[in-house]
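Peer 1: Residues per chain, in single letters:
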Amino acid sequence: MEIPYTSSARPDTGLYNAKLGIWLFLASEVMLFGALFSAYVLLRVGAPEGFWPHGWLSVTLGTVNTLILALSAITTLLAWVACKVGDYRKFKIFHACTLLLALSFLCVKSYEYHDKWIHYEIHLKDGRIADGHLEEQDDQTVTIMGRIIPGDQEQLLYDLRSQKTIPRDEIKLDRSNILKMENYGPRHNTFTAIYFTMTGLHALHIIGGCLVIGFLWGPGSRMWKKDHERFTNRIEVSGLFWHFVDLVWIFLFPVLYLT
Amino acid sequence: MSESKSVDIKSTVRLCGVVLFVIACTTAMMIKISFLPFGWPLKVTFILGVAAVNAFLVASYLMHLLTEKKMVFIVGFFTVCFFISLMGLTLWAMQDFPVGTTH
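If you're matching them up, the sequences are chains A and B in order.
Our numbering puts the first residue of the first sequence at 1, with every later residue one more than the last.
Our numbering puts the first residue of the second sequence at 1001, with every later residue one more than the last.
Derived from the structure by calculation, the hints contain no laboratory data.
For lysine-lysine, the following DSS-like pairs were computed, each having C-alpha atoms within a straight-line distance of at most 27 Å:
| id | chain 1 | residue 1 | chain 2 | residue 2 |
| --- | --- | --- | --- | --- |
| 1 | A | K225 | B | K1010 |
| 2 | A | K109 | B | K1032 |
| 3 | B | K1010 | A | K92 |
| 4 | A | K109 | B | K1043 |
| 5 | A | K116 | A | K180 |
| 6 | B | K1032 | A | K116 |
| 7 | A | K109 | A | K92 |
Listed next, with one range per pair, are the computed distances between beta-carbon atoms:
| id | chain 1 | residue 1 | chain 2 | residue 2 | range |
| --- | --- | --- | --- | --- | --- |
| 8 | A | L100 | B | D1008 | 23 to 29 Å |
| 9 | A | D174 | B | S1085 | 51 to 57 Å |
| 10 | B | V1022 | A | L32 | 25 to 31 Å |
One side of the interface only, derived from the structure: several residues of chain B facing chain A at Cβ under 10 Å:
| id | residue |
| --- | --- |
| 11 | T1027 |
| 12 | F1035 |
| 13 | V1050 |
| 14 | A1055 |
| 15 | Y1061 |
| 16 | T1079 |
Each residue gets a CB set at the ideal place from its N, CA and C atoms; glycine is no exception.
Next comes chain B alone, as it looks inside the complex:
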């Protein structure tokens, strides 16, 4: 939500309408994918990919992240690094079985 930009209600309503429509479409797409006869890993990858598009729309247009200041991106960068490390550590730990054991 950059304060330097001039705003007007009509254009924002138009933008919001488009964002809401796309979110509704992508949500419907996720539901459709969940009923397709794919394997679980492929299904999850597709669904989370579509969810990431949704998240991008909210972050970039509703939170105005696209026009934010450098400081916000620095905070965001470290947050994303932490999140990726956390998930990576979890997945990596799953492959780390004690010797002589199986899952």
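Looking at chain A on its own, in the form it has when it is part of the complex:
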């Protein structure tokens, strides 16, 4: 069955249907992410003074990802321009760049997730707290690279930015002395929960975008010769989605990494 498709703009909306569709979709996406940002504000403002994490995330990696996404937004735009001027070779190059940049973003994000997954807060039976990255563990001992703080100074763990000067050592702990051991995964506290939820949802959008861009770069590019205008519209619509993903990150980065 052939699905009817119009490449030209409708007289009533001034837009072709796919473009109106993507803008309506992006509006719904704003509402989705808006609800999560609203939840973040609620949690952040509701947290007691001094008990909201600072410096838990790497600003360097966040900055690298910001620049990667900004660059990928630009290569997406250039791929669309290459479509408009009919330069197939440049379209392929720019779209491949977008795809590689998107995969780079996901690699950096995976590294960040892994870093949180091996970062442990260990409550000892004597009341002290060990905090650091897991080096190795067996049935008897757990070895981390980190620091030990007194139990009554738990607040220190929330501001890791100001703890950067405190040296980290290799600490070997006996399992029999451990009361509770938990990594910095989503269930660790409200910050990690909202961090994983928001960045995870954003990463899913990146993966979705990669699939679409990959399809349009590969098998979908056969349409270039068959129906060039329709193909250009597809690139434009996917590009708008990609710019939206970049826009979300522009707010996620300062909110989660800097404030």
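Chain B: place on chain A using the hints.
Peer 2: Showing chain B alone in chain A's frame:
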């Protein structure tokens, strides 16, 4: 991404270069602000203000929102209204404590 405009790669590359440079500068500015010894509310206001400039650049130049059709602005207007209401409702709800309780 208005289809009515004629485009060429060279001028778009120039524009993109400027946008990327400004985004890099504003990102550096946000990081710098985050290390300044301001109070949290002031810091957040400045940082989100700079982020809004970044977002404006992406929306207006990369998404070509400045030259879009009226219908897109109508959709955008309702979206912005929803977003502002959502945030406003959240902030307003925070001040709404049950009688006799404190935060």
